[in-house]
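Q: Chains as they are written, first to last, in the working numbering: chain S, 1 to 290; chain F, 1 to 197.
Possibly wrong hints are sitting among the right ones.
[Said to hold, decoys possible] Okay, the calculated beta carbon distance ranges per label pair: (1) S/G84 x F/R28: 51 to 61 Å; (2) F/M94 x S/V122: 42 to 52 Å; (3) F/D33 x S/A163: 25 to 35 Å; (4) S/P227 x F/E98: 48 to 58 Å; (5) S/G223 x F/P161: 24 to 34 Å; (6) F/A87 x S/T107: 51 to 61 Å; (7) S/G256 x F/A91: 18 to 28 Å; (8) S/A186 x F/R69: 19 to 29 Å.
Think of the hints as simulated: they come from the structure by calculation, not from any bench. Since we're looking at a predicted model, the values are computed, not measured. Virtual Cβ for every residue (Gly too), placed ideally from N, Cα, C.
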Amino acid sequence: MTVVVAATGVWSCLQDRGRPGWATAGVGRSGAFDLPAAQLANRLVGNDEDAAVIETVGGGLRLRLTAPAVLAVTGAGGPVTLAGRPVGRNAPVAAPAGTDLTVGTPTAGLRSYVAVRGGIAVAPVLGSRSWDSLGRLGPAPLAPADRLPVGPVPAATPVVSHAPVPPMAAADLAVTPGPRADWFTAEAWTTLVRAEWRVLPTSDRVGVRLSGPALPRAAAVAGRELPPEPMVRGAVQVPPDGQPIILGPDHPTTGGYPVLAVVSAPGMARCAQLTPGDTVRLHAILGAGR
Amino acid sequence: MTGPVWRPFGADAVLVEFALPHERWSFRCPLADETVVGARTVLLRFDARRYRVADLRAAAHLVPSDAARPPRSHTIAVTYDGPDLVAVADAGGMSAAEYIRRHTRAEYRAEFCGFAPGFAYLSGLDPALASPRRANPRPRVPPGSLAVAGPYCAVYPSASPGGWNLLGTTTTRLFDPAAADVALIRPGDTVRFEALS
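Between the sequences and the hints, there should be enough to build the whole structure, so can you do that?
A: Right, dumping it as structure tokens:
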């Protein structure tokens with residue numbers, strides 16, 4: 001069976017758990033930005049948690065089913081329709097052949113995940129079906145009329161009819177001090193965890209760019225450049241302009257901007273749902289401070 | 001083991017910084033799931049449900065250099081016809097032919113990868129051949145482009161935007177996800193360039 005992409009929406013791609021283990025060759029991990037949402041979508045349709053799902057930004061994705069299918073939509077909040085009739089998010093949906101499933105414009109959050117029972121079964125690249133937007137590796141972003149193969153129906157049957165998901169909370173991301181916190185003044189750390197930051201429209205899967213008060217570097221490192229070092233998802237890099245960038249799943253494997261802080265894994269799931277113009281706060285955990 | 005500085009990097013990674021960067025090549029930590037090499041550092045990713053940074057520190061060690069993975073050597077044939085060759089040679093006060101002669105004389109070392117799959121930063125550039133990044137990056141650099149910027153040279157494995165100065169092109173494939181070794185050049189390897197006439 002195949003799923004036909006009738007409309008891609010703003011932007012859609014395939015994602016799974018990503019591509020760990022290749023960073024030394026310059027290949028990033030990639031993977032679903034809101035990983036818990038992608039895993040929940042898979043659980044709801046009885047898939048392995050790491051099966052490939054569709055990650056779609058905003059609304060407008062429309063999928064046509066060539067055969068009866070079971071799907072689930074998770075992630076952002078907002079309308080979903082099947083053959084024009086509203087159906088629930090965070091719940092398995094049984095779709096007859098020939099019907100369209102449409103993801104509407106989110107009322108909360110940015111990224112939705114659509115799992116199909118059996119998983120999207122395009123050919124993996126280096127063990128993953130994730131599209132890496134920076135490395136340009138993996139199955140290309142969805143285009144109209146794409147036909148996505150669906151894998152064999154798994155042995156497990158969906159056992160959950162609906163997963164209660166709390167309304168999206170205000171974005172308050174937990175951070176720990178990063179490996180180069182000592183490149184910044186003590187005030188920079190205080191500012192990072194006290195200020196209100198605004199999400200810039202240049203944000204994407206590579207990084208979420210924030211705008212706010214400048215985070216100054218310590219006098220001791222004035223004029224110094226950091227030899228490039230490995231990066232991780234959640235690293236808060238601060239370029240010379242003092243405006244932080246939270247690295248997303250498609251971050252470069254190495255980078256030359258010092259990392260002041262690191263956002264926790266739950267914080268990164270929330271980060272995936274940040275929309276340009278949103279305000280976001282960060283708070284220290286685990287003996288933070290300096 | 002003393003010496004390197006261990007810098008926590010989130011809940012399940014730690015950055016190990018070496019005063020002697022060559023120790024990156026003989027550094028081992030058997031408890032790490034993944035080891036990623038930087039210019040002066042090594043990142044260790046680990047299972048935080050099983051280990052703490054202290055466990056990794058206790059298990060880390062340097063292997064004797066003859067037990068470390070032997071670096072591979074590559075010779076890459078290049079047609080030195082890049083659009084920036086003459087300007088970069090001029091800036092160094094030499095002819096293009098002299099620039100090529102010096103560039104093919106050196107042995108380079110892959111320090112770390114980044115920027116793109118299979119993109120290795122090569123050190124060992126003759127300082128007289130160094131040149132800053134272009135003020136205006138090109139929107140598309142062709143695959144196989146040999147380029148210099150700052151103290152490094154590199155070959156672009158695939159087409160991408162790029163701000164480095166282009167010296168020439170190679171038909172050698174640098175990155176192939178279907179190959180047993182996806183990246184031709186791995187950190188620690190040595191590289192020479194050979195001019196095709």
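Q: Confirm or reject each hint.
A: Right, here's what the structure says about each hint:
Range check, S/G84 to F/R28: Cβ separation about 60 Å, and the 51 to 61 Å hint holds. For the pair F/M94 and S/V122, the beta carbons lie near 51 Å from each other, so the given range of 42 to 52 Å is met. For F/D33 paired with S/A163, a C-beta distance near 29 Å keeps the hint of 25 to 35 Å intact. Range check, S/P227 to F/E98: about 30 Å between beta-carbon atoms, so the 48 to 58 Å window is missed.
The supplied range of 24 to 34 Å is met by S/G223 and F/P161, whose beta-carbon atoms lie about 27 Å from each other. At roughly 54 Å, the beta-carbon separation of F/A87 and S/T107 lies within the given 51 to 61 Å, and the hint holds. Remark: the range hint 18 to 28 Å for S/G256 to F/A91 is upheld by a beta-carbon distance near 23 Å. At roughly 42 Å, the beta-carbon separation of S/A186 and F/R69 lies outside the given 19 to 29 Å, and the hint is violated.
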